[in-house]
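Now for the letters of each chain:
2 protein chains.
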Amino acid sequence: MGKRRPDLSSPKAAEQAFYQAFADCDPAAMAGVWASEGVVCIHPGAPPVIGREAVLRSWSGILTGAARPSLRVVLLKRLEQGALAVHLVEEHIAAPEGDGDGTLVLATNIYCREQDGWRLLEHHASLPAAAQRHSLQ
Amino acid sequence: MGKRRPDLSSPKAAEQAFYQAFADCDPAAMAGVWASEGVVCIHPGAPPVIGREAVLRSWSGILTGAARPSLRVVLLKRLEQGALAVHLVEEHIAAPEGDGDGTLVLATNIYCREQDGWRLLEHHASLPAAAQRHSLQ
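Sequence lines, in order, name chains A and B. Here the first sequence is numbered in our numbering, starting from 1 and rising by one per residue. Here the second sequence is numbered in our numbering, starting from 1 and rising by one per residue.
Where hints are given, some of them may not hold.
[What the hints assert, rightly or not] Simulated crosslink set (DSS-like; lysine-lysine; CA at most 27 Å straight-line):
| no. | chain 1 | residue 1 | chain 2 | residue 2 |
| --- | --- | --- | --- | --- |
| 1 | B | K77 | A | K77 |
| 2 | A | K12 | A | K77 |
| 3 | A | K12 | B | K77 |
| 4 | B | K12 | A | K77 |
| 5 | B | K12 | B | K77 |
[What the hints assert, rightly or not] Here's a subset of chain A near chain B, in silico, CB distances under 10 Å, partners left out:
| no. | residue |
| --- | --- |
| 6 | V73 |
| 7 | L76 |
| 8 | L79 |
| 9 | L121 |
[Claimed, not checked] Covered, in the sense of this in silico footprint (three residues per stretch, anywhere, with C-beta under 8 Å from a C-beta of chain B), are these stretches of chain A:
| no. | region |
| --- | --- |
| 10 | 33–47 |
| 11 | 50–58 |
| 12 | 62–72 |
These aren't lab readings, by the way, just hints derived from the structure by calculation. All residues carry an ideal CB built from backbone N, CA and C; glycine is no exception.
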């Protein structure tokens with residue numbers, strides 16, 4: 001768990017906590033966002049990372065010692081049914097110094113409701129083709 | 001609807017019908033697999049296609065007049081809760097004449113249960129990095 005307890009009262013709150021942990025380069029906060037089991041993470045252009053420990057290790061490698069990125073997230077579509085929610089988002093990721101448009105990533109985020117709140121179960125991120133890396137909205 | 005009524009009695013059956021329509025290059029069968037509304041399709045390296053009509057148009061463009069590919073699908077992980085199911089799969093796609101290993105695509109497929117069976121709601125496909133395009137199993 002991170003230093004603070006993230007608000008996990010809704011899929012939206014869990015998503016905000018996920019991207020806040022990413023923007024803060026905070027592996028401990030990131031660990032608090034993922035589900036307790038059955039998680040999958042596909043980083044852009046990478047094979048899937050399966051299992052909570054492996055996923056947290058992958059994020060720790062990305063976040064530890066990194067400069068905090070500029071991160072803007074646009075929700076394109078959402079669906080919630082019972083204990084699952086699916087969000088399709090655009091992630092606009094740029095270096096802190098802001099050298100241009102940065103990178104556009106598409107992500108499908110799947111959240112599940114656990115006993116103490118909503119957690120991230122799957123994050124599937126991919127890069128649209130280079131010629132199409134402008135905002136879709 | 002296609003010439004035949006696909007078996008949509010489970011997420012697994014819907015997935016088989018989806019990949020059969022893909023392998024058969026059959027746009028009509030493909031139309032029978034997708035949910036009635038709220039669908040999203042992300043083809044590898046492409047921006048999202050949102051909405052049933054746009055998604056079916058995109059598949060029609062891909063399938064019409066195409067040579068039937070060699071297609072092998074490996075299920076990496078599945079989850080079903082209530083009226084939603086999530087499958088993470090590897091798609092091994094090769095030209096019919098079989099020129100080598102073909103292409104490995106990762107896909108997150110999300111199915112929903114409608115009144116008359118399970119349908120595909122979202123297909124998010126992406127390419128692992130070139131150096132990692134071997135089977136993950």
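For each hint, the structure was consulted:
no. : hint          : result
1   : B/K77 x A/K77 : holds, 23 Å
2   : A/K12 x A/K77 : holds, 12 Å
3   : A/K12 x B/K77 : holds, 24 Å
4   : B/K12 x A/K77 : holds, 24 Å
5   : B/K12 x B/K77 : holds, 12 Å
6   : V73           : violated, 15 Å
7   : L76           : holds, 6 Å
8   : L79           : holds, 7 Å
9   : L121          : holds, 7 Å
10  : 33–47         : holds (count 7)
11  : 50–58         : violated (count 1)
12  : 62–72         : violated (count 0)
Consistency with the previously given hints fails for numbers 6, 11, 12, ordered from lowest to highest.
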